[in-house]
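Chains as they are written, first to last, in the working numbering: chain A, 19 to 130; chain B, 5 to 117.
Derived from the structure by calculation, the hints contain no laboratory data. Treat the hints with care, as some may be off.
Claimed, not checked - Straight-line distance between alpha carbons at most 30 Å, and here's what the computed DSS-like set of lysine-lysine pairs gives:
{"id": "1", "chain 1": "A", "residue 1": "K21", "chain 2": "B", "residue 2": "K104"}
{"id": "2", "chain 1": "B", "residue 1": "K53", "chain 2": "A", "residue 2": "K89"}
{"id": "3", "chain 1": "B", "residue 1": "K53", "chain 2": "B", "residue 2": "K65"}
{"id": "4", "chain 1": "A", "residue 1": "K75", "chain 2": "B", "residue 2": "K104"}
{"id": "5", "chain 1": "A", "residue 1": "K89", "chain 2": "A", "residue 2": "K31"}
{"id": "6", "chain 1": "B", "residue 1": "K65", "chain 2": "A", "residue 2": "K88"}
{"id": "7", "chain 1": "B", "residue 1": "K104", "chain 2": "A", "residue 2": "K73"}
{"id": "8", "chain 1": "A", "residue 1": "K75", "chain 2": "A", "residue 2": "K36"}
{"id": "9", "chain 1": "B", "residue 1": "K114", "chain 2": "A", "residue 2": "K21"}
{"id": "10", "chain 1": "B", "residue 1": "K104", "chain 2": "A", "residue 2": "K36"}
{"id": "11", "chain 1": "B", "residue 1": "K104", "chain 2": "A", "residue 2": "K71"}
{"id": "12", "chain 1": "B", "residue 1": "K73", "chain 2": "A", "residue 2": "K21"}
{"id": "13", "chain 1": "A", "residue 1": "K73", "chain 2": "A", "residue 2": "K89"}
{"id": "14", "chain 1": "A", "residue 1": "K21", "chain 2": "B", "residue 2": "K65"}
{"id": "15", "chain 1": "B", "residue 1": "K53", "chain 2": "A", "residue 2": "K73"}
{"id": "16", "chain 1": "B", "residue 1": "K53", "chain 2": "A", "residue 2": "K75"}
{"id": "17", "chain 1": "B", "residue 1": "K104", "chain 2": "B", "residue 2": "K73"}
{"id": "18", "chain 1": "A", "residue 1": "K89", "chain 2": "B", "residue 2": "K104"}
{"id": "19", "chain 1": "A", "residue 1": "K21", "chain 2": "A", "residue 2": "K36"}
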Amino acid sequence: DVKVTQSSRYLVKRTGEKVFLECVQDMDHENMFWYRQDPGLGLRLIYFSYDVKMKEKGDIPEGYSVSREKKERFSLILESASTNQTSMYLCASWTPELGELFFGEGSRLTVL
Amino acid sequence: AQSVSQHNHHVILSEAASLELGCNYSYGGTVNLFWYVQYPGQHLQLLLKYFSGDPLVKGIKGFEAEFIKSKFSFNLRKPSVQWSDTAEYFCAVNPHGTYKYIFGTGTRLKVLA
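Same shape as in the complex, but just chain A (with noise of 0.2 Å):
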């Protein structure tokens, strides 16, 4: 079975705080995910990363950046945390064989 780590389940920061979440994959996929996952809008991709090094802006990429230094993680960062980034973040992996997303157990960050 594909297994999706993100390191923190919960944290609680405070506004101007510099975040990093974490994510591994254990299945040796090219392509990982970040997502962002609020009540009543869905998941909405933050950024894309389809190799070591490279990424993608999703469809809401301000205020975060990204780092994939190896092919197994995928780091989300919020360089200057805000109170309007308290949501549910979510990893994600994928191999376009299988063509379904593998999820983390998502990151619940509150930002004060």
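Assemble the complex: chain A is given as a structure, and chain B must be docked to it using the hints.
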């Protein structure tokens, strides 16, 4: 713009009732279709998927969905729900040849014991 509509935001059913959750999408090309489920406190997981072939697909836990191309719909069904089906359900569309997944806004299902 591409979009996915889930018309039911909240559904409450009694155990043994039948379930149908609607999903419509707007995209003119070929798509892969998915239903994901998120049980309380758990990660999103795949219920079922459609890529091609028989438009009636069966998934885990007795769920099925029917792709009606002419209606751009992919409705989820279960003949008899259980309390354990209480969860949030997301429909998603993936246009062929892309990495893009467009998710609906989700339907929260509560099944009363």
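Check: Of the hints given before, which are not true for this structure?
Finding: When the structure is compared with the hints, numbers 6, 12 turn out to be violated.
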